[in-house]
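Chains as they are written, first to last, in the working numbering: chain A, 1 to 241; chain B, 1 to 296.
It is possible that part of the hints are untrue.
Stretches of chain A that chain B covers, calculated by requiring three or more beta carbons in the stretch to come under 8 Å of a beta carbon on chain B [what the hints assert, rightly or not]:
no., region
1, 2–12
2, 26–32
Stretch-level coverage of chain A by chain B, calculated; a stretch enters the list once three of its residues show a Cβ under 8 Å from a Cβ in chain B [as the list claims (entries may be wrong)]:
no., region
3, 66–77
4, 80–86
If you anchor each label on the Cβ, the simulated ranges turn out as follows [claimed, not checked]:
no., chain 1, residue 1, chain 2, residue 2, range
5, A, Gly216, B, Leu284, 51 to 61 Å
6, A, Asp126, B, Leu284, 33 to 43 Å
7, B, Val105, A, Arg127, 28 to 38 Å
8, A, Lys117, B, Lys193, 40 to 50 Å
9, A, Asp153, B, Lys193, 14 to 24 Å
10, B, Asn56, A, Gly129, 50 to 60 Å
11, B, Phe164, A, Ser135, 38 to 48 Å
12, A, Lys164, B, Leu269, 50 to 60 Å
No lab work stands behind these hints, which were simulated from the structure alone. We put the CB at the ideal spot given by N, CA and C, even for glycine.
Chain by chain, the residues:
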Amino acid sequence: MEPILSVEDLSVRISGLHILQGVSFAVAPTGVTVLLGRNGVGKTTTLRAIVGLTPPAGEVRGTIRMGAQSLLARPTHRLVRGGLGYVPEDRCVFAGLTVAENLRLAERRGTTPAYDKVFALFPELDRRGRQRAGSLSGGQQQMLAIGRVLLNDNRLLLVDEPTKGLAPKVVTEVAEVLERVAESVPVLLVEQNLAVVRRLAKDAVVLAAGKVAWTGDARELLLETALTKSLLGVGSAEVSH
Amino acid sequence: MGTVILLALTGLGLAALYFLVASGLSLVFGLADVLNFAHGLFLGVGAYGTWWAAGNLPGAGPDGFGFVVAVAFGVAAGTLVAVLVELVLIRPLYSRTIEQVLVTVGLSLAGVALLQATWGADARPFPRPDWTRQVTGILGAQVPNGGLLLIIAAVLVLGAILAFLRWTRYGLVIRAGVENREMVTALGIDVRKAFTLVFAIGGAAAALAGALGGVYFGTVSPGQGGSLLIFAFIVVVIGGMGSVVGSAYAAVVVGLVQQFVNYYGTSGLGDICVVGLLAVVLLLRPQGIAGKVATA
């Protein structure tokens, strides 16, 4: 199967730091591909480069393609309108706006927003429509951040650490939602929680020091305790939970 | 008692003038991170546009409906200049702060020089309706109608901007963009259109301040915009970058402090007190009264 996204020889420099150094990988057209690595190896930088959010002072080189379309040098809003959904690290909901306003902002002219789908996945967003997003819990904010993206049709979702800082029960809820979402749209996921990775991911790409250190089947990776320890810095106990 | 009422209302008139300049400045900085030193130019264009139209534009004049037409022309001219400045000079320089400052400072100086070269450096009498030269008795104080007109205009502009921010799609985009511009683009929205819009709104409000400031002061001069801009910046910082409501509160505080201290102290002491107030706010609450939120 042709990949939905192919990244070739991607290099990113920001403020003199060579963060990504020739990263190449592909994202399958179905299921979840997870981007793994220790802190600071360039996972978030990779997602931001794909969606065109590298800071203006940064320099991006290489090739990024979604299908036959080149993504580099295209403005972010056009990439997103073209079907690239992005859920950033730390949610980034608009704290001063209500839940309903956060969702309304994501509506696109000429399309019918899929409120039914979003409220079926997150009934709480419907009930809390008039509440300021800043007063929601971390889990509710994450649901809003994901719900905002799911209002529109997407060809690929980029999701950055959706379970970061969440309570275990909420982590399970978010993982369940992503599992259901991934049935209809491919997902490139950055995730540190290996239990979530085990549950969701089909393929894995591991970054180390700004380069691709390993690619392959995610479950195979998690079975190789020595490998996960050397690449991710975690032991067998963390892998198994 | 009459003196206090008079000082309070003339202080509010001054506050209205500051608010009209500061509201756009605050929105532009809050959304686009542009410190626009050329904002005073929009005020100058509005003032001179109104002054020119009252004497030359068919249908316009210094009184009655003709004055409304003259003000509308001045506001339209200020808005047009603001939009052109954003599209031609600012847009290529987003995220390049130093270049923005240099360009807007240069533009403000060039704008004043252009007005001077065209109409001279001296202040010129401003055409205004007769009733604005008169006074209205309020609780024993004889308050100039020009000041009352400014207060009414500022309240209407504040209401219009808040309604726009609260009830329209672009208002929603601006409020969100003030919080996190990058995330707005990540939702598929071309935030540059909102930048142009806030420049247009800010330009229109500043041009209205120019036209009504001419009525308030009775004259128009090339440097008027620059001197008002200094206090508008103080209002924006005290009120909180990006907050229209914060700008309104801060404008009232600055206008009243200036007026009362200048009257009961010595002339000019009010200006020093305002700068002192700015220093206190920066030390104790650097985000200003309302912080970086486009309040609706």
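The hints, checked one at a time:
1. Counting residues of the region 2–12 of chain A whose CB lies closer than 8 Å to any CB of chain B gives 0, so the stated coverage by that chain is violated, three being the minimum.
2. Chain B is given as covering the region 26–32 of chain A, and this is violated because 0 residues of the stretch bring a CB closer than 8 Å to a CB of that chain, at least three being needed.
3. Here the region 66–77 of chain A counts 3 residues with a CB under 8 Å from a CB of chain B, which clears the bar of 3, and the coverage holds.
4. Remark: the region 80–86 of chain A is confirmed as covered by chain B, as 3 of its residues place a Cβ nearer than 8 Å to a Cβ of that chain, reaching the required three.
5. With their beta carbons about 57 Å apart, glycine 216 (chain A) and leucine 284 (chain B) fall inside the hinted range of 51 to 61 Å.
6. For aspartate 126 (chain A) and leucine 284 (chain B), the hinted distance range of 33 to 43 Å is satisfied, since their beta carbons lie about 41 Å from each other.
7. Between valine 105 (chain B) and arginine 127 (chain A) the Cβ separation comes to about 51 Å, which falls outside the hinted range of 28 to 38 Å.
8. At roughly 28 Å, the beta-carbon separation of lysine 117 (chain A) and lysine 193 (chain B) lies outside the given 40 to 50 Å, and the hint is violated.
9. At about 23 Å, the beta-carbon gap between aspartate 153 (chain A) and lysine 193 (chain B) stays in the expected band of 14 to 24 Å.
10. Taking the beta carbon of each, asparagine 56 (chain B) and glycine 129 (chain A) are about 54 Å apart, inside 50 to 60 Å as hinted.
11. For the hinted restraint 38 to 48 Å between phenylalanine 164 (chain B) and serine 135 (chain A), the CB-CB distance of approximately 25 Å leaves it violated.
12. Hint check: lysine 164 (chain A) to leucine 269 (chain B), Cβ distance near 54 Å, so the stated range 50 to 60 Å holds.
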